[in-house]
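In order, the protein sequences belong to chains A and B. All residue numbers for the first sequence refer to this note's numbering, where the first residue is 1 and numbers rise by one. All residue numbers for the second sequence refer to this note's numbering, where the first residue is 1 and numbers rise by one.
Everything labelled a hint here was simulated from the structure, so no lab data went into it. Quantities reported herein were computed from a predicted structural model and do not represent experimental measurements. For every residue, glycine included, the Cβ atom is placed at its ideal position computed from N, Cα and C. Warning: the hint list may mix true and false statements.
Claimed, not checked - To spell it out: a stretch of chain A is covered by chain B in this simulated footprint if at least three of its residues, at any positions, have a beta carbon under 8 Å from a beta carbon of chain B; those stretches are:
no.: 1; region: 107–120
no.: 2; region: 301–313
no.: 3; region: 414–422
no.: 4; region: 542–550
To be verified - Example chain B residues on the side facing chain A (calculated, C-beta under 8 Å, incomplete):
no.: 5; residue: His135
no.: 6; residue: Glu138
no.: 7; residue: Arg204
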Amino acid sequence: MTSDLITLEILINRFQAIVDEMAQALFRTAYTVFIKETQDYGTVLVSPDGEVFAASRRYGVLMMIGHPMAEAIRSMGTDVRPRDVFITNDPFATRGMATHLNDIYLWSPVFHENTLICYVWTFIHMSDVGGRVAGSIAPSNTDITQEGIRVPPRRLYREGILDEDFLKLFLINTRTGEENWGDMKACLAALSTGERRIAQVIKRYGVTAFSESITNSLDYAEQQSRRLISTVPDGTYTYSDYIEGDAVGLGLLRIKLSLKVNAGTFLMDFAGTAPQVRAALNLPSHSQDGHWMMITGLVNWLCTREPTISYNAGLVRPFKIDAPAGSLINPEEGAACGARYSTSHKVCDVIIGALSQAVPNQLPATDSGQAAILLVALPDRATSRTRVSVIQPLVGGSGARPSIDGVDGTMVILNFLKNVPTELLEREMPEILIRKYGLREDSGGAGEYRGGTGAIVEFETNAPFTTVTARNMERYKFPPSGRLGGKPGSTGYSLYKPFGKEPREIGIIDVLEMNAGDVLSFGTQGGGGYGDPLKRPAERVFNDVVDGYLTFETARRDYGVVASLNSGVDEIMTTALREKIREERGPLSFYEFGEARDAYQARWPEELHDAICDTISVLPTVQRQISFSALYEEINARLKDNIAVKPGDVSSIHSEILSRAAESWRIASE
Amino acid sequence: MEKKKTRYRFGADIGGTFTDILLVDDDSGNLVALKNPSNRKMPEQSIVDGLVQLHEKHDVEPSEVSYFSHGTTLGVNTLLERDGVEVGLLTSKGFRDILELRRLRLPQANDLFAPRPNTLCRRRYVLELEERIGHNGEVILPLKKENVIAAARKLAKQGVENIALCFLHSYRFDAHEKQAKDWIKAEFPNMYVIASSDLWPQQREYERCLVSVINAYVGARMRDCFSSLKQKTEDTGLLTQIFSTKSNGGVMGLKGAGERPVETLLSGPASGVTGAFYVGQTIGETKMITLDMGGTSVDISIVDQAMPYSNENTVGEYPISMPAVDVSAIGAGGGSVAWLDPEGMLKVGPRSAGARPGPACYGLGGEEPTVTDAYAYLGILSPDGILGGNMRLDLDLAKQALKSLGDRLKLSAEQTADAILQVATANIYAEALPQIARRGIETSEFSLFCYGAAGPTHSFLLARELDLKNLIVPPMPGLLCALGCLVADLRADFVASLWRGTKEISLQELGNTYARLEKDARTWLDGQGVDVLSTQIVRSADMCFEGQSFELNICFPNDLSINVPNIESWFRKHYKLIYGIDDLDTPIRLLEARTQIIGLTNKPDLKSLRPFGTKTKVGSIKRKIFENGKSYDATIYQRASLQPGDTFSGPAIVEQYDTTVYVPCGFDISIDAFWNIIGVRSA
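Pulled out of the complex, with its shape left as it was, chain A reads as follows (with noise of 0.2 Å):
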């Protein structure tokens, strides 16, 4: 056994060496700006079971393991052949494996003297797969049939020939096809590097030691995860947030969790969550145990905890996700889903809250939650063609650690973000000029450790019809809560200034028009704060005032510090100032939600939700979203005259709205 398991070592090495090979020969042939620029793409080896056995840690995107391979592995049948390649972009045919249809997924059988031994898998993530609007992804989208063409999974290649006939018809369907489709020949190219590689380490170690191998190391990453989550205390421990940014305007939309620790497997159960929307904000999981856009935080937490951990699937195995049916987390065939991403943060927002109760000093208060691209699209005055460009991704600061301070300006979550430089922007976009890109002062949240500063991006066109858009703009009422004791970060703002006029609020946006001399400026989340800020030595945070991340009222009524530019901190009177505030607040709480959720929950109540979810449950999909928001909005205008709502009167609120309705369509009809 001992024997096995060194060549299991270096059998994992080479799975490693083979993805990475893969990835690094997709990366050099491609050709799009998200393969090169924003790294979406990926590379990874599955099991015949439809498992990830290795996946990259240094390329592309890190969010490969957990995607459940075995629906598209099924609905290709027993005829497989080597040579074949296969292609799918479709969240529903494949049960979540794909999860929008940008998403391009090719993948090839691997044999071995006529057995097949494993697939090489390879996505990328296509610029424009046709649809109502360019880019495919728009909030606004109500079903997925407006996002572009959906290919179910079937053959590209039939023993090396191409189909060249189902080619041309995707192909067409979309407004990039010869990008997309070098792009697919880099896909191609990685497909064949994996496995000539494969041929190779089968040669040289033996059938038998490559599939054992795949089966062992599945099966010892699964150790490792389930080591490491039996050192968390057995419990249930339950956590909600709110999805802000929906386009069509259902108001909130909450993610509860309630998350059972016990005997090294996390169950993630999701009942009390929202229905799905007719906005593109789905997440299609098909509620898959460990699915890869629902677990981000726990392998966060995993590679956190040992570094050297294993990658692959069997990381995810102890995962275990229970989402309803017809819930925002788990739509039925055909929601629109391009812009899961912003549900996929928050499930990992409220995984971690959840976590954290269970095992505080291992996990980050939350971050900004906010990965908005903002773009703008102004007519060329010369060529009458639009011109689009990137001015910057908004996102905002990472929650703080329990021993460091969060990053500021960018999220630890979403490591792999990049900015575009000011000067290449203004060159792209002569008629933008970029007023300020920094730091926002004092937007993190206070504590023991300091949550990570927001961002400001503000610009001015000289341009007019200068069109702004953003999609996963979220945090602008609920701020990153804090831990702990910790205060929340700085919720989100959105400043417009037209030309001559005052700056007023906008709030989240979907898409803005401005004029010439408009001047438009965002303000992104500070992350929560960490720990009791009293906590924080005085010095630091007199370091923090003169480096300007805090101001000196900030310093005063947050961390009861007081101090001067010219004499520094006064010790004296902030050691009276700490014990005084110390005196006059209550206690501090776990989480730290600030003023406007908690505001919210008191008027709204967790059972509240949950009767609403209870009620609806059984209908159909539509008639659920159609009762979902009339309930929002008749309990809501019930609050506002005052007028008490207990959790059980939502049923017979129901059923009266459901009577007023078919009331009021016997009245139209007559």
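Starting from the structure of chain A, add chain B where the hints point.
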């Protein structure tokens, strides 16, 4: 007085632990190599000591040295250890946080506790000036003298005497930066002021700003060190000019190095590749994977006809956008520690025992088994010790360390050591292969060129897993960086950002740009005050198709006259070679115009570079070794005894002062005319 003729070449590579010195006598072809401990506090001292030793023991008069070049890790250590001076930064209004925001991306994946990036320049010392120039040179906010002086005064008051300037769009419109610099220098003559447009005028404010700040951050210490090196070597009688190696594999004069210390940051690994490239050229090997394995890392580089360059280099967490020899570092080496994880899997590295406590067999207090302990215990390293016996190896300590691990694996110490080597090889393979793949080369056409203290020991193990043309072990694998110092040419890079469609660039502007770059380049070379054999100018450009976000660096042949149609067709031709796509309709963009100048220096005759050390009767000794599950009788050779034309086969071990070459079963060895060991797979 005949003896006073200048005839020596002196190359010194100051490393973290040791300083390697190589002296070549051009007349006799004799060679002296020294290994002195490096001095962290006074890096120049180990070189001065070397000069004294050469004088005392080898009768070398410093005044007889005709070429003197050295490489130092002072810059890179100062940066990595955050040991530089306080730097102030002046930026355009609205852009105080260029350094704080970086390019956002964090280096660590999947790490919730990723450290906060360190900006090198405290935010309190970053001041915005009321100043702004637009992308087209339009002055949006004029620069005011009183603001500049007030800002500089504010910094001076706080004791900040090293200032970097980085204003938006200064890569092309540098008037404000130059003006501000002049004003500050006039008012505060003792301040060190660096303008980003002077150092490296490339578009992209973060990268440009960063190299200027690093330059200021490490510069003060380096100038001190250089001036004391100059003083102390002059005191020993050295007359010739001192050169310093650069990240681009060339050398520059000491004054230039003091002004542009950021260009030395990657000079260590670059020198090794320079040395390897030089050896390769003399024996006609133009395609090589170079592998430098030391105690803590393996440096890999791909030489394909030419020295490989990259403009996307990093030192620690910092991107360095100036051209440097393209070397990838892997965290594995002879000091890598073997351990068991809670599931009982054997892991090797990434932690290294380093120089202290070092491998268990060094007897310096290390208790954990390392790769070096495995070499020693399996019989690969001589039981009499390494470094010509200067470093004894305690096999009992190695055995103890291996046994404590082996007991838990239920393996003997021998089997454990064997397993450590196999796992270490798999680690290096897994790290190296993607680096090789990144260049898209066919390994079977390439030689593996091995150097460093452990490179020749481990390379054949790695070569078993790769399809290679052959292996090359140069005569002095441990001194290759010092050799690189000796053979480096004067080399400097110049850049101008155009960032426009080729159709928008007039013939005149294009011509002027390259003419200006060449003029700057020649001025630089003249300023070095050296007689060079000849001068080469290499013109290139970073180009892409409109709408692409990645570019190719295309070298223009010297006889290509630079005009838009010519460079366009040259680009399309190369693009097609790489991607197989001929995109005739898409407009092209020229991003950076680049020029490199090379002043070729006189080179030593490589035939004189012979291995040295004890000579014994060839093949007279055998030693038992254990590897890959089997026991062998390996023939032991002394490197200095091997003669051109000798051949033998593995299992064999070649011992030499600076390394041990391990040739396992399945490889045939021959010694070529230049004393290189050439290994091929046995037929």
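Broken hints, by number = 1, 6
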